[in-house]
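Participant: Turn these sequences into a full structure, and let the hints guide you.
Going down the list, the sequences are from chains X and W.
Terminal number for the first sequence in the working numbering: 110, no gaps in between.
Terminal number for the second sequence in the working numbering: 103, no gaps in between.
Keep in mind that the hints are not guaranteed to be accurate.
Distance condition first, Cα-Cα at most 30 Å in a straight line; then the derived DSS-like pairs of lysine-lysine [said to hold, decoys possible]: (1) K27/X - K70/X; (2) K71/X - K(-1)/W; (3) K(-1)/W - K45/W; (4) K45/W - K27/X; (5) K70/X - K57/X.
Far from chain W, some chain X residues (derived; all Cβ distances over 10 Å) [stated by the list, open to error]: (6) R55; (7) T85; (8) G101.
Pulled a few chain X residues facing chain W out of the computed Cβ check, cut under 8 Å [as the list claims (entries may be wrong)]: (9) K27; (10) L44; (11) L49; (12) L98; (13) Q102.
What the hints contain is simulated information worked out from the structure, not anything from laboratory work.
Every value quoted in this text rests on a predicted model; they were computed, and no experiment measured them.
Positions of the beta carbon are idealized from the N, C-alpha and C atoms, including for glycine.
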Amino acid sequence: SQQGEEDPQALSIQEGENATMNCSYKTSINNLQWYRQNSGRGLVHLILIRSNEREKHSGRLRVTLDTSKKSSSLLITASRAADTASYFCATDEAQKLVFGQGTRLTINP
Amino acid sequence: DTGVSQDPRHKITKRGQNVTFRCDPISEHNRLYWYRQTLGQGPEFLTYFQNEAQLEKSRLLSDRFSAERPKGSFSTLEIQRTEQGDSAMYLCASSIGTPARYGYTFGSGTRLTVV
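Facilitator: And the structure:
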């Protein structure tokens, strides 16, 4: 089963623009995590936000969490070509992570 | 190398053959997870170990699949009598305790193609 759903499924923007991806989930969570996956590679952990946090920053990344709406967003500012990848949200469920289907982000030079 | 290692990176096999994949987690990580990912989808949970004990198996893990972690270190995932539907990326991840605290460290995956 997949807990989270990312929106949009695909996003294409120009280098330097900001990219926003959204994630909705179904059940209550302890935390929500975001991962990046470059084509043909494994996933890389980006950031974790706990259920009692509303916003978290890491470099050019900003994550928000709204537990009342069961949703989260990932903002990448000043995008670069190297940000081209798929981005997944994940929630913890019974000692494991459950991933959404991902947003495929393309940064055009 | 302090990351999660998976071997092989790619495997092409004929339908009906058996295949085995290996995962070496980060040495301090007591938990090891296997996921399967098909094109355009997110990773789907298959099974996980805490040390050498297999604590959960997904219903996706049919009788043809078996996973082991004999000494609580590396793990193997075997698929018997492969089918074309088994073609996917098989990802291994490890964590210190529950991933809810620090998340997973993933390997680069094994891409399986069944022809």
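Participant: Taking each numbered hint in turn, which are not upheld by the structure, reported in ascending numerical order?
Facilitator: Result: hints 2, 8 and 9 break, sorted rising.
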